[in-house]
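Chain by chain, the residues run as shown.
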Amino acid sequence: MLVAGGEKMTHVDTNVITGIVATLSQPDVEYVHGVTLPSLAAMFTRLYMQHHGVTEKHLAMVAAKNHANALKNPYAHLQKAVTIKEIMNSVMIADPLRLYHCCPISDGAAAVVLCPADVAKKYSDAPVRIAGFGQATDTHAVHEREDPTVLKAVQLASKQAFEMAGLRPSDIDVAELHDAFAILEIAQSEDAGFFRKGEGAKALEEGKTALDGELPINPSGGLKARGHPIGATGVAQIIELAWQLRGEAKERQVSGAKRAYCCNFGGFGNNVVTHILERMD
Amino acid sequence: MQLRDVAIIGCGMTKFGRLEGKGLMDLLAEASLRAINDAGAGDRDFDAVYVANFAAGELTRQSAIASALGFEAARGVDRQFTIEGRFTFFERRCIQSL
Chain A
0 MLVAGGEKMT
10 HVDTNVITGI
20 VATLSQPDVE
30 YVHGVTLPSL
40 AAMFTRLYMQ
50 HHGVTEKHLA
60 MVAAKNHANA
70 LKNPYAHLQK
80 AVTIKEIMNS
90 VMIADPLRLY
100 HCCPISDGAA
110 AVVLCPADVA
120 KKYSDAPVRI
130 AGFGQATDTH
140 AVHEREDPTV
150 LKAVQLASKQ
160 AFEMAGLRPS
170 DIDVAELHDA
180 FAILEIAQSE
190 DAGFFRKGEG
200 AKALEEGKTA
210 LDGELPINPS
220 GGLKARGHPI
230 GATGVAQIIE
240 LAWQLRGEAK
250 ERQVSGAKRA
260 YCCNFGGFGN
270 NVVTHILERM
280 D
Chain B
0 MQLRDVAIIG
10 CGMTKFGRLE
20 GKGLMDLLAE
30 ASLRAINDAG
40 AGDRDFDAVY
50 VANFAAGELT
60 RQSAIASALG
70 FEAARGVDRQ
80 FTIEGRFTFF
90 ERRCIQSL
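Residue numbers (numbering that gives the first Met the number 0), protein chains in the order written: chain A, 0 to 280; chain B, 0 to 97.
Hint data in this document are derived by calculation from the structure and do not stem from the laboratory.
Warning: the hint list may mix true and false statements.
[What the hints assert, rightly or not] In silico BS3-like cross-links for lysine-lysine, where the CA-CA straight-line distance does not exceed 25 angstroms: (1) A:Lys249 with A:Lys207; (2) A:Lys84 with A:Lys249; (3) B:Lys21 with A:Lys196; (4) A:Lys84 with B:Lys21; (5) B:Lys21 with A:Lys158; (6) B:Lys21 with A:Lys201; (7) A:Lys201 with A:Lys56; (8) A:Lys158 with A:Lys79; (9) A:Lys158 with A:Lys120.
Values in this document were obtained by computation on a predicted structure and should not be read as measured data.
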């Protein structure tokens, strides 16, 4: 079975793309009022800052980390080191989100071949087993959620995947999260169960999510720097983790990675798909 | 429901970025052929092709891309692995556009 994803976007004007992407917001209570994804993410970020002590510097730290990781990924769109200061002085997109807090518009495609696990070794020296997966939806309009800073679909889909795999978040060695905007990496790292709510920024500060930390997040550079050709992103996340588990991630290899977690995030968290992958030894 | 245990045996992707001169189907075919090649499965039948995409209808005026990819990947696999003398998918597209 072949699973491919792709998007061709960069030939279209940024304003037009932003308008098309905005159509995934709730039509009656979000889209009609002119909501775009950056503006929605900006409001989410502001609320998160107020409720969970996240600062602009934390957002910049996510972006700087992911840019640094992408420098080691030859497939990444943005291969450029960016300092915290440059990020914090970059142009404002939607207060408090600045340019470097947002993913770029990219072209690209990614594909995987799947087969029954019992014959996988005929094709691959290092097959990667899908140990668990989950999928969940949330209330479409973000402001109608009980607590808009909680990504409930990430919580539910993650719980399903961990239950199916018979694993806990502490068993995971490396993760790819959907950091279309910097705040989402912090929020998902909490709602997936890796850190308690409100403690994701602290974990980031302590270097736990860095390439050499206890749970490296987005070794590929994430959506932030690997790029975000929308249809390709989910498959590309899985590929990065498969490479990590196969020990083929070269300069960005997380040493000894055996189990990986992936969160793909549709809309603004209204449809989330998670996977747990495991090296077959 | 009893689910079958499934493994990933091949991975392939294009570079991400501003890829001028490459269309959506070029990108999907390139990534797919790399994945099929990585799995060493070029001479095998595939029972399903799934394609993820957000807005090709609006962005590139193309829909039904899963069907299109099945066709292109089959052609590309033929060219790479088994049958000589067939059109590559790039050549075929040129011919179609004449």
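Problem - Given hint lysine 21 (chain B) paired with lysine 84 (chain A) - CA-CA distance at most 25 angstroms - result: Cα-Cα ~35 angstroms, so violated.
Problem - Hinted pair lysine 249 (chain A) and lysine 207 (chain A), Cα distance within 25 angstroms - result: 20 angstroms, holds
Exercise for the section: Take the C-alpha atoms of lysine 84 (chain A) and lysine 249 (chain A), compute the straight-line distance between them, and say whether it is at most 25 angstroms. Expected result: 29 angstroms, violated
Exercise for the section: Could you grab the alpha-carbon distance between lysine 21 (chain B) and lysine 158 (chain A) and see if it respects the 25 angstroms cut-off? Expected result: 40 angstroms, violated
Handout entry: Restraint check for lysine 201 (chain A) with lysine 56 (chain A), where alpha carbons must lie at most 25 angstroms apart
Key = 12 angstroms, holds
Handout entry: Hinted pair lysine 21 (chain B) and lysine 196 (chain A), Cα distance within 25 angstroms
Key = With Cα atoms ~43 angstroms apart, lysine 21 (chain B) and lysine 196 (chain A) exceed 25 angstroms; violated.
Problem - 25 angstroms Cα cutoff - pair lysine 158 (chain A), lysine 79 (chain A) - result: At roughly 36 angstroms apart (the allowed maximum being 25 angstroms), lysine 79 (chain A) and lysine 158 (chain A) break the hint.
Exercise for the section: Take a quick look at whether lysine 21 (chain B) and lysine 201 (chain A) sit within 25 angstroms of each other, Cα to Cα. Expected result: Cα-Cα ~42 angstroms, so violated.
Handout entry: Satisfaction of hint between lysine 120 (chain A) and lysine 158 (chain A), Cα-Cα up to 25 angstroms
Key = The given pair, whose Cα atoms are some 29 angstroms apart, is violated under the 25 angstroms limit.
Against the hints set out earlier in the document, violations occur for numbers 2, 3, 4, 5, 6, 8, 9.
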